[in-house]
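This is what each chain is made of:
Number of protein chains: 2
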Amino acid sequence: MDKWKIVSEKSILKSRFFEVKEQEVALPDNKKRVYQTVERLPTVNIFPILSNDKIYLISQYRPMFGKRILEAIAGHVEENETTLAGAKRELKEEVGITAFQWEEIARIQKSASIIKETAHIFLAQDLELGEAQPDEGEDIALIKLSLAEAMEKVVSGEINDAVTMIGIFMLDRLKREKKL
Amino acid sequence: MDKWKIVSEKSILKSRFFEVKEQEVALPDNKKRVYQTVERLPTVNIFPILSNDKIYLISQYRPMFGKRILEAIAGHVEENETTLAGAKRELKEEVGITAFQWEEIARIQKSASIIKETAHIFLAQDLELGEAQPDEGEDIALIKLSLAEAMEKVVSGEINDAVTMIGIFMLDRLKREKKL
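Sequences listed follow chains A and B, in order.
For the first sequence, the working numbering begins at 1 and goes up steadily by one.
For the second sequence, the working numbering begins at 1001 and goes up steadily by one.
One thing to keep in mind: the hints can contain errors.
[Unchecked claim] Straight-line distance between alpha carbons at most 27 Å, and here's what the computed BS3-like set of lysine-lysine pairs gives:
1. A:Lys14 x B:Lys1067
2. B:Lys1067 x A:Lys67
3. A:Lys116 x A:Lys67
None of these hints come from the bench; they were simulated from the model.
Quick caveat, the model's predicted, so the values are computed rather than measured.
For reference, chain A alone in the conformation it holds in the complex (with noise of 0.2 Å):
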């Protein structure tokens, strides 16, 4: 069946967290097809948990939206970091907080086709607060609430983004199991 082969592949865009390809596909039967597809940097986005079920997400200003969004604390991993030392560094420069259990509970696709998007999602315990140190232009302000209550946002669509609705369903199941 899998009889595709990728015959070339050429970059042609390159911006700072993505790079646009052109790759030429054989088919089964010897046609050929262009596509050209996104490749995104990999990203990590920490859930950060208190003993008593409370979750820290934030609310930040996207320009791509217009408004401020109700999200997940995340970033792009660095070139030669590991996942979970940009999941860490991230934690410490949005919102200040360190966390000294960690554990990625799962590893998505954000597309099954045209753009290639790996999320890195992670529970964060045993917090200690201290100072953010954002990003120049990051205007991020820091929420905590109940997995109950993020829960009910993720059902009636005021969290929206993927990732984040992922992340409290996870988070949800392992509480109902009782393995959080």
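Place chain B on chain A using the hints.
Below, chain B without anything else, positioned relative to chain A:
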């Protein structure tokens, strides 16, 4: 707070399913920042479900990953087409199914920054099976499995496509709340 302003915007690359844009944004302190973002056509993602809690997913070869992926039936919304019409068309074309009951159960943003990609998740019920008419190059196998089996594959990571995960989480929740 929300004093960010988009000062200018231009298109720098157009592909069949996405466009790369460059935006100049003025920060609250009047500093300027340049962003490059990708805007993808909206997608519809369809979860057909039978009265015995079996759902249909598909297995499809994805050149981007070099392997077959287990995922929801999905496609892009065409110009001059409503999302519901697009969902009906994709369900019929990809797997030959006609559904007589439709509900949009979630509308999600796959990313909060860099890539703008809206996904509409539809629940499709009251199904009639027929003949598929896949696009050239599509190699799609219809997979019937129980909602519980699908949920296990989400938790194990075998299903790791974001929208497919979210749809299954939502169906699982509807089921537990006796709304399905």
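**Asked** What hints, given by number in increasing order, does this structure fail?
**Response** Number 2 only.
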